[in-house]
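One letter stands for each residue in the lines below.
Protein chains: 2
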Amino acid sequence: MTIAAALLMGLIQAAAAAPQTPEPPTPASIVAGAPRSDWRSIPAGDLLVMDLAPEGGKPRRVVIQLVPAPFASGWTANMRRLAAAHWWDGTAVVRVQDNYVTQWGDPTEKKPMPPGIEPVPESAYVTPLDTVADARPSIEARDLADVDARARRLLDTAIRGTVTPRAPQGWHERDSYAEWVELLDGWPIAADKSSAWMPHCYGMVGVGRNLSPDTGTGAELYTVIGQAPRHLDRNIAIVGRVISGMEYLSSLKRGTGDLGFYKTPGERTPIVSVRLGSDLPAGQRPAFEYLATDSDSFAAYAAARANRRDAFFNRPAGGVDICNLTVPIRAMK
Amino acid sequence: MTIAAALLMGLIQAAAAAPQTPEPPTPASIVAGAPRSDWRSIPAGDLLVMDLAPEGGKPRRVVIQLVPAPFASGWTANMRRLAAAHWWDGTAVVRVQDNYVTQWGDPTEKKPMPPGIEPVPESAYVTPLDTVADARPSIEARDLADVDARARRLLDTAIRGTVTPRAPQGWHERDSYAEWVELLDGWPIAADKSSAWMPHCYGMVGVGRNLSPDTGTGAELYTVIGQAPRHLDRNIAIVGRVISGMEYLSSLKRGTGDLGFYKTPGERTPIVSVRLGSDLPAGQRPAFEYLATDSDSFAAYAAARANRRDAFFNRPAGGVDICNLTVPIRAMK
Chain W
1 MTIAAALLMG LIQAAAAAPQ TPEPPTPASI VAGAPRSDWR SIPAGDLLVM DLAPEGGKPR
61 RVVIQLVPAP FASGWTANMR RLAAAHWWDG TAVVRVQDNY VTQWGDPTEK KPMPPGIEPV
121 PESAYVTPLD TVADARPSIE ARDLADVDAR ARRLLDTAIR GTVTPRAPQG WHERDSYAEW
181 VELLDGWPIA ADKSSAWMPH CYGMVGVGRN LSPDTGTGAE LYTVIGQAPR HLDRNIAIVG
241 RVISGMEYLS SLKRGTGDLG FYKTPGERTP IVSVRLGSDL PAGQRPAFEY LATDSDSFAA
301 YAAARANRRD AFFNRPAGGV DICNLTVPIR AMK
Chain R
1 MTIAAALLMG LIQAAAAAPQ TPEPPTPASI VAGAPRSDWR SIPAGDLLVM DLAPEGGKPR
61 RVVIQLVPAP FASGWTANMR RLAAAHWWDG TAVVRVQDNY VTQWGDPTEK KPMPPGIEPV
121 PESAYVTPLD TVADARPSIE ARDLADVDAR ARRLLDTAIR GTVTPRAPQG WHERDSYAEW
181 VELLDGWPIA ADKSSAWMPH CYGMVGVGRN LSPDTGTGAE LYTVIGQAPR HLDRNIAIVG
241 RVISGMEYLS SLKRGTGDLG FYKTPGERTP IVSVRLGSDL PAGQRPAFEY LATDSDSFAA
301 YAAARANRRD AFFNRPAGGV DICNLTVPIR AMK
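Sequence order for the protein chains is W and R. Numbered by the UniProt record's numbering, the letters in the first sequence go through residues 1 to 333 in order. Numbered by the UniProt record's numbering, the letters in the second sequence go through residues 1 to 333 in order.
Hint data in this document are derived by calculation from the structure and do not stem from the laboratory. Be careful, since some hints might not be right.
For chains that are exact copies, the list does not tell them apart, and a pair is met inside one copy or across any two.
Stated by the list, open to error - Mimicking DMTMM-like on lysine to aspartate or glutamate, the simulated pairs with C-alpha atoms at most 25 Å apart in a straight line are:
#, residue 1, residue 2
1, Lys110, Glu23
2, Lys263, Asp38
3, Lys193, Asp143
4, Lys58, Asp258
5, Lys333, Asp98
6, Lys111, Asp89
When you get a sec, could you build the whole thing from the sequences and use the hints?
Rendered as structure tokens:
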């Protein structure tokens, strides 16, 4: 592969610049250089480990991080019970619709639920800002709940197209689906004046449901495999995100039935098992960390995502969509 | 499949509502009901037909629509020459990076170019608004070039979060990467005060290149397979979009090398041939139509994409991202 191909359109991971002129930092180089203190560990008890049937003898492990309380707590409680009951073992990926979702669950739709699975009200699609601030003591949560501060920042963003306290290089985030978007304790958040919810970004996991007032139990799940279908925000519960193995769900053959459902059982991908990470034997528990979204490293990363100044780029964008400001997550050995 | 699964999170294609209460229109039902006069045919001479190697005996045909003049004309002229010379025959898909791009071209990077391939200047990444309005006589192009009208609409969007002339139900489009986004003659457009460019939406096709001042020839191409990487806008030429067969590019195995390049030649997907649609025998020429973006049908479709009111939805979004306002395209038999 020549240098042309190696540099093409991506993060520059090897040092390619001449030694005399240091390359401006890239998002990847900022993440790589972040101090240990800017990383936060993800409890194994907040992770679902889903093993798809191996392909060509190779394992296909997907790791899903559950959203933190107070978001979607009713559904994630159900999901913990379903994992503890091994309910998903023997289910399958049943639907893959291009530029939309990959969905999994019980193809028979007749499998009995374990005890304790409770319906969740539609009101839980969003979370009041006061509840967020009470439940999460971070600076970010307080900032989210401070309507006056948010209004000032929104006005800056809308009118002057720049400037938030954590964007020292000047950039904006304008969103067609929410009054305000933010990062909160490692997650993307959308909000209006009174409540917050998690946006349908690539890799986010949501709960399949029937028509209102049904809200789904958390047994039937999907993940976003294309442009963020944000029109689903506030209409479906977001309960997690895929933090490892996303390629096993995004690269599956698209279904040829209506809405991308597979027409024949043989096309489905079997799910061997789903376990809560903390229920795995000690040596097998998943260990991941995320870059703290209130850290200086994250501020620099966000500014670089919004304004690429490394050699490949002629013109920095000046802004970034909330679904392009992916929170860095790394596996620990 | 139960009704729960059939209705799940998608376009409702079968009549599921009780006959007494007509279902509000969906984007799909509006498109299905659009009169013949609201459709425009796409000339076969604006289409590239790319045949990947069959898989399991099944053909894999991808159809790419080239962007219209005056956008990226230097690169599309090169691409027409490359297709006429059968240059892509025997090349391959060399890179698939999850949530980013699928890329194809000559793996050896040594294949000689046919005569007439010309370098294109970086200035052509954007097109002056006056040039757009001169070259494209549509109402939409005039509207795009009218800076005063655009400024008024932008202010409405930014401040009041609603109302454009073609959004009778009230909705907004706010964009982090451009001052203005619009539809123009069937294509998504982003613009600032002086020039326009095409955004990196899902399925759009761009030109791989080396570092500046190289701009690529159009021989090495990629398409977007995830969340729109809009930071590439104005840094790389957009030359087309995949209008059929996208699933053959988006569902390929992700590469495990740096930037998603395949580590071994055996992982690459061979490209059998690429032809300009008008160079195919009469019976094989591709025939597609798009829904005119200045039609009443499109206005209703856009409003419905921004504000879903059919049975599945509890809460309309009130807005839509330019990369979620996909222009309807249909194959003609």
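Results for each hint:
Taking the shortest Cα distances, Lys110 and Glu23 never come within 25 Å of each other, neither inside one copy (58 Å) nor across copies (29 Å). Neither within a single protomer nor between protomers do Lys263 and Asp38 lie at most 25 Å apart by alpha-carbon distance, with minima of 47 Å and 33 Å respectively. In this homomeric assembly, Lys193 and Asp143 come within 25 Å of each other (Cα to Cα) only inside a single copy, at 13 Å, whereas the closest approach across copies is 34 Å. In this homomeric assembly, Lys58 and Asp258 come within 25 Å of each other (Cα to Cα) only across copies, at 20 Å, whereas the closest approach inside a single copy is 30 Å.
Taking the closest pair of Cα atoms, Lys333 and Asp98 come within 25 Å of each other only across two copies (23 Å); inside a single copy the shortest separation is 34 Å, beyond that limit. Proximity of Lys111 to Asp89 under the C-alpha cut-off of 25 Å is restricted to the intra-copy arrangement: shortest distance 11 Å within a copy versus 50 Å between copies.
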